[in-house]
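Q: Residue numbers (the working numbering), protein chains in the order written: chain A, 1 to 551; chain B, 1001 to 1236.
No lab work stands behind these hints, which were simulated from the structure alone.
The C-beta atom is built at its ideal place from N, Cα and C for all residues, glycine as well.
Each statement offered as a hint is correct.
With a cut-off of at most 30 Å between alpha-carbon atoms, the simulated DSSO-like pairs for lysine-lysine come out as follows:
# : chain 1 : residue 1 : chain 2 : residue 2
1 : A       : Lys-240   : B       : Lys-1130
2 : B       : Lys-1071  : B       : Lys-1125
3 : A       : Lys-498   : A       : Lys-19
4 : B       : Lys-1071  : B       : Lys-1127
5 : B       : Lys-1132  : A       : Lys-240
6 : B       : Lys-1071  : A       : Lys-240
Label-pair ranges, simulated between beta-carbon atoms:
#  : chain 1 : residue 1 : chain 2 : residue 2 : range
7  : A       : Leu-68    : B       : Trp-1190  : 53 to 59 Å
8  : A       : Ile-41    : B       : Met-1194  : 34 to 40 Å
9  : B       : Val-1096  : A       : Gly-22    : 38 to 44 Å
10 : B       : Val-1112  : A       : His-233   : 39 to 45 Å
11 : B       : Ala-1189  : A       : Leu-68    : 52 to 58 Å
12 : B       : Ile-1182  : A       : Arg-116   : 21 to 27 Å
13 : B       : Leu-1179  : A       : Arg-116   : 21 to 27 Å
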Amino acid sequence: MSMATTTIQPVERENYLNKEYGVGSWLFTTDHKRIALLYLISITFFFFIGGFFALIIRLELLTPASDLVQPDTYNKLFTMHGMVMVFFFLVPSIPATLGNFLVPMMIGAKDLAFPRINLLSWYLYIIGGLMMLHCMLTGGVDTGWTFYTPFSTAYSNTKVVEAGLAIFVAGFSSILTGLNFVVSIHRMRAPGMTWSRLPLFIWAHYATSIIQILGTPVIAITLLLVAVERTLHLGIFDPKLGGDPLLFQHLFWFYSHPAVYIMILPSMGVISEVIACFARKRIFGYSFVAFSSIAIAVFGFLVWAHHMFVAGISIYAALVFSILSYAVAVPSAVKVFNWTATLYKGSIHYDAPMLYAFGFIGLFTMGGLTGLFLAALGIDVHVTDTYFVIAHFHYIMVGGALMGYLGGLHFWWPKISGRLYPESWARLAALIVFLGFNLTFFPQFVLGYLGMPRRYADYSHMPEFQVLNVLSTAGATVLGVGYLLPMLYFLWSMRYGKPAPDNPWNAAGLEWMTSSPPTTFNFEEEPVVTWEAYNYDELDRGHKQEVKVVG
Amino acid sequence: MSDSTVVGLHHEEQHHPELLHHFAEPQQQRDAASLGMWIFLGTEVMFFGGLFCAYLIYRRWYFGDFGAASKSIDATLGATNTAVLICSSLTVVLAVWAAQIARRTLLIGSLVITMLLGMVFLGIKGKEYKDKFEEHHVPGASFSFDHVAIPGHPDQYANPRHAEIFFALYFIMTGLHALHMIIGLGLFAWLLYMAWKGRFTPEYHTPIEIGGLYWHFVDIVWIYLFPLLYLIDRHP
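Same shape as in the complex, but just chain A (with noise of 0.2 Å):
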């Protein structure tokens, strides 16, 4: 395209979004940026079922009594939420999305190893998606997201069957998007991008995705195991015809767990981008933040039967998985202690993605101690089951990791969409999510101290805990507000924000080097590194110099 044609209006560089439309373009398409979007769109869709669910029972739960839906209703809505929100967003969010996106751009290849195994990927996401819509929209299920045996396969009424093939399909995805990944940072970097150059948000996928290619595959075949169980009245899990509970959950945990690092781990990818790019500095003991996403997707995989603790595992047993609990928390603790070090005397910006990434380590870290709470047996007999649990692991998921998909999503909107966001509403936003968050969650840290069981929907015995659900649900609204203001912006700008420079935040790393919105195949030319990842340094030099003669 040459400069003359640029007279009235600026003619508009050919990217990967305008360079074919139709809906065809879209549906067939294998570039990796384009599947990435599909994904967007569909995670988003679920995101909001599941908030929908949230709402509800947070509802309910602003009344003792039982007074807005029946019981069995309330079971098949935190049940639904559960299932929605960990299989079809929170373990897809930001790995099929900004990982998909981003891992080709980032190690210098024009596109995954395997572009269509990636579309297949999202095909599969779609189908199970669908079935699980089918699912809840023809009665639900209700045996919470865990399915714990004998109930699931033997008394409960609901479609158990359906919803958990549904996640059978759904994993398949999340197995080929892992796979992708692994062989792409392995076999697709560009010249001279060696494994101590790799930007801290790859070591982070490629841990992720060694869980999601080890781990998804048990809970496959424990879901496959269950549907036939309960078809076919088999006793594989049924104590009544010989069967194990115990070993369903040793098998489901042996994935759930895991999956908790699915959800965190590509969400502190995230932070050590954002971070380094807004204190304008390298990164602090890049390598310590790079084999800690290791450790903690390898001491991932040793810890599952801490959710076992009162279900009548050995006493031996239990102190072996506390003691491995505990160790999961040096690399988590690693990371954190990084982060603050490279805020140490850099020069730091509010822009929004970096509320976003200050919001995540407070409170990932105040998730990650309780978790250590969780971790000490005794305390944990006392508060198993409670809203303590709950409390926790929202920290971890929606303080964690959903602050580090917001604050990735807003860090690389202008190279996703071309364009710029408004960022005081970016701004008002996180804030708005950061209290909105913890004023949902933090009461429930004191409920499930006092007493409160998770899973009723009648507390109608102890008036007392009213007080402090009110206050949770109240902060859920504020949260609902935090989460539909970027959506709004984020479609506004599409139409009316400013067109993006390509490298708006002045940041390091190959992604930024291509055009906003990038070609289809991401480089004019096969970039070639010779230089480590976030230099900082070298990118402020110039600037520094300008400084200097102006003082």
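Fit chain B to the given chain A structure using the hints.
A: Structure of chain B alone, referenced to chain A:
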């Protein structure tokens, strides 16, 4: 490899028809495909691993019942199937070799024999399932396993509930294995079609290689399934 093929290879590097746009060179594409298949097989190990874990736990708990149930399966048919699959592994290796040295007839022949052996395996498996169905050993409403003595204890009967767990695991494990065989047959039908059209050359035969990896994996699963399911506490 003759000199002319080496020259041909160089020429091919520029415009190789099978090189996808996002790879820099054929070697990178081969490495990616092969690593991808190995990782996929890793996920398969974990998938079957959950079942093996369940099997081992119940086998320890209900050893006598498992022995009695295992004895009711025809070990001769199982052994025949083991031999069939080992032979098919050989023909898969032959197919890869034939593709490497560009012998099209050998390639097509090996693929056809592999598929035939796969079908023989499934046929024998079907016969075994039919026998089990007729003996009412399929778990479910019509299951019966009454008055079957535990091997080595002629006066003790196996618990039908526990034997039913054995048969449930037997059908799920061999059934999933058979499903993998069927998928493998589909895969090999496609490879055969591609080979028929002469798409594989010494430079490009990655599909044969990774298809072969998959076939070997399915064989290896059977190599574990056979002794674990058929040969519990058998004495001459």
